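Novice: Sequence:
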Amino acid sequence: MSGTRIGRRCNIGQNVVQQFQSQGINLDQWLQATGQDVNAFIEGLREQSVKASKVDLALRAVVVAEGLTVSDDDINAEYARIAMQVRQKASEVRKAYEKNDAVADLRAEEAAKTVELVQAAGGTAIAVAMDVSDSDSVQQGILQVVDELGPIEVLVNCAGWDDLKPFLDSDEAFWDRIIEINYKGVLRTVHACLPAMISGGWGRIVNVTSAASLHPPGPLNSAYGTAKVALNQLTRHLAAEIAGSGVTANVIHPGDVKTEMWADIRDRVAEMGPEAEAYRAWARWVDETGG
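Numbered according to the working numbering, the sequence shown spans residues 1 to 291.
Calculated directly from the structure, the hints in this document are not laboratory data.
Mixed in with the good hints there might be a few duds.
As the list claims (entries may be wrong) - Below, in silico cross-link-like pairs of lysine to aspartate or glutamate (EDC-like), each with a Cα-Cα straight-line distance of 20 Å or less:
1. LYS113 <-> ASP131
2. LYS184 <-> ASP171
3. LYS165 <-> GLU260
4. LYS165 <-> GLU275
5. LYS113 <-> ASP101
6. LYS184 <-> GLU241
7. LYS165 <-> GLU271
8. LYS54 <-> GLU66
Computed from a predicted model, the values in this text were never measured in an experiment.
Go ahead and model the full structure; you've got the sequences and the hints to work with.
Specialist: Here it is in structure tokens:
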């Protein structure tokens, strides 16, 4: 008897898992995020199934006693109605996930401003102070997100920094900072978030690259451009390594955008010599067209 009961519980649980997975939701992570115990959750489903079975048997008894008939179309319609309810519930859970965002920034006040934009658009988010060039800061930030929002399923790496200068005017401290922020920062965040994604069977990693990694080589930008090329190749290797795990890794180039970095480049190259003419033309083009 106990073996039959256990088997029934497992079947019920498996059906629910499949329904959630069909909606792109990982049930285990949802249970963890909502603080529910998986055994108690499945036991609740089992009790509901027992009640439904009793109702079904009672209705069948009425049908027999009253000489009524129930067509296959009626039964199929009822199954379709129940299936629709399950899909709607899964959709509600997914929407709840989509509204739980975290904005991490070296400058806490900038993260707070972005959170305000998310909230104005109808979402919810938290601000997290994080320095991607510092491993301890990354770990602490990610722990804060997990504690407040649950497992991280989507990671977007868009931190970046540069300071245009000729290669011979740069030094090792400058190279280190370029690499720590633009390349190793991604290594740190991905290394911290990826294990839980693989364990949960679903995750998305999106790395934001730069036109500096795609355009023909030129002066003033050797360290930064090379770091972004390394980011592109890292993402390709990650995608190959985690293929089939339910986790994907992609790198995107958002195009030329009027960011703070663009404004800084525009101001710096305005005072440089002929070596910066290509950057001055680019800054004017972005300013005129919006990118």
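Novice: Take the hints in turn and mark each one as holding or not.
Specialist: Verification of the supplied hints:
A hinted pair counts as satisfied when its Cα atoms are at most 20 Å apart, and LYS113 with ASP131 qualifies at roughly 17 Å. A distance of roughly 18 Å separates the Cα atoms of LYS184 and ASP171; the hinted pair therefore holds under the 20 Å criterion. A threshold of 20 Å between alpha carbons decides the hint, and for LYS165 with GLU260 the separation of about 18 Å falls inside it, so the pair holds. For the proposed pair LYS165 and GLU275, the alpha carbon gap of about 10 Å is at most 20 Å, so the pair holds.
With a C-alpha separation of about 14 Å, the suggested pair LYS113 and ASP101 falls inside the 20 Å cut-off, and the hint holds. Using a Cα cut-off of 20 Å, the hinted pair LYS184 and GLU241 holds, with the two alpha carbons roughly 18 Å apart. A threshold of 20 Å between alpha carbons decides the hint, and for LYS165 with GLU271 the separation of about 12 Å falls inside it, so the pair holds. Simply put, LYS54 and GLU66 have alpha-carbon atoms about 18 Å apart, close enough for the 20 Å limit, and the pair holds.
Of the numbered hints stated above, none is contradicted by the structure.
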